[in-house]
Amino acid sequence: MANFTPVSAAIGGTLIGLAATLLMLFTGRVAGISGILAGCLNFGAADRSWRVAFIVGLVLAPLVGGFVGYPIPSPQMPDSWSVIIVAGLLVGFGTRLGGGCTSGHGVCGVARLSIRSIAATAIFMATAVVVVALSHHLFAG
Amino acid sequence: MLIVATTACGFIFGWGLLISGMMQPAKVIGFLDVLGSWDPSLAVVMTAALVVSRTGFTLATWRKRPILASQSFWPTKTDIDRPLVIGATLFGVGWGLVGLCPGPALENLATFSPRVIAFVIAMALGMVLHDLWSNRSVTTPQREGTFAAAADG
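Those protein sequence lines, which keep their order, are chains A and B.
Everything in the first sequence is counted per this note's numbering, starting at 1 for the first residue and increasing by one.
Everything in the second sequence is counted per this note's numbering, starting at 1 for the first residue and increasing by one.
Everything labelled a hint here was simulated from the structure, so no lab data went into it.
Any given hint might turn out to be false.
[What the hints assert, rightly or not] Output of the computed footprint for chain A on chain B, the stretches with three or more beta carbons under 8 angstroms from beta carbons of chain A:
(1) 7 to 16
(2) 37 to 47
(3) 56 to 63
(4) 72 to 79
(5) 86 to 94
(6) 105 to 117
[Claimed, not checked] Ranges between beta-carbon positions, derived for each pair:
(7) B:Lys-77 <-> A:Val-130: 38 to 46 angstroms
(8) A:Val-7 <-> B:Ser-134: 41 to 49 angstroms
(9) A:Ala-2 <-> B:Arg-63: 40 to 48 angstroms
(10) B:Leu-132 <-> A:Ser-74: 29 to 37 angstroms
(11) A:Asp-47 <-> B:Ala-43: 20 to 28 angstroms
(12) B:Ala-43 <-> A:Pro-73: 16 to 24 angstroms
(13) B:Val-128 <-> A:Ala-140: 16 to 24 angstroms
(14) B:Leu-59 <-> A:Ser-8: 24 to 32 angstroms
(15) A:Ser-49 <-> B:Ser-113: 22 to 30 angstroms
(16) B:Arg-82 <-> A:Ser-74: 22 to 30 angstroms
(17) A:Tyr-70 <-> B:Asp-79: 37 to 45 angstroms
(18) A:Val-7 <-> B:Arg-82: 38 to 46 angstroms
[What the hints assert, rightly or not] Derived list of chain A stretches under chain B, where covered just means 3 residues or more per stretch with a C-beta under 8 angstroms from a C-beta of chain B:
(19) 14 to 22
(20) 32 to 44
(21) 72 to 84
(22) 96 to 102
(23) 114 to 121
(24) 125 to 136
A quick note: this is a predicted structure, and the numbers were derived from the prediction, not measured.
Using N, Cα and C, we set each Cβ at its ideal position, and we do this for glycine too.
Assemble the whole structure, with the sequences as input and the hints as a guide.
Laid out in structure tokens, this is it:
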């Protein structure tokens, strides 16, 4: 547990909860990033503008952070491009089929005490834990 | 006004991911890696986010309608069906392989990392492929309505 950062995790989590609350309070929308992005990609949809605005705000955060001197981590990703592409396809397809991701199901859905979202969150967490156990320990090169 | 409010919400959400360290895929993997040097930070992030949004959503239901919109779009589905189980499993595999879920993936575009850009393009393609496949398998027009209501988040 050498890397455990409970204070910054609690502050960050509070801000995520606050953002989800404000989005619901002001616009009546669930802060589910996969749903918001999918709506952006649906070029026939009428309500694309708020979705694009949310993503712009999301990307602006580290840009502004970097500008004012907040350290922005360089993302550590797998070496293999094929793993990255396959993972991206699975995350995109899976979140659409399952109707949400870590934010829509994991935060907003669980906060609504939705059985569906609690089940989805338990399933994707457990699956990811198994995948990491297999790839980092059993089949670790 | 609506656009300003949603941009601000995305901005606050982004700072939440940034401060909590969840922008870094390696830190997310550290949480998922229960057999390694386990980092419980993600559980603290989720707990704090849940406490705040549970309270906030309860307050939001006291209002008849949102401040800047005519109605709220609360998800309506309640059943645990096959697409939910299969979709969550596929997402879990992808998440475990790289440590990126949609929010941090999009936010990491700000780093201009070629690997993140490739991941986001693949993720967007996965979403488009799902919607094409799902529209193809829908033959009755009455599915239109359930399609919109099917989104949980």
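May I ask which of the numbered hints given earlier this structure violates, with the numbers listed in increasing order? 7, 11, 13 and 16
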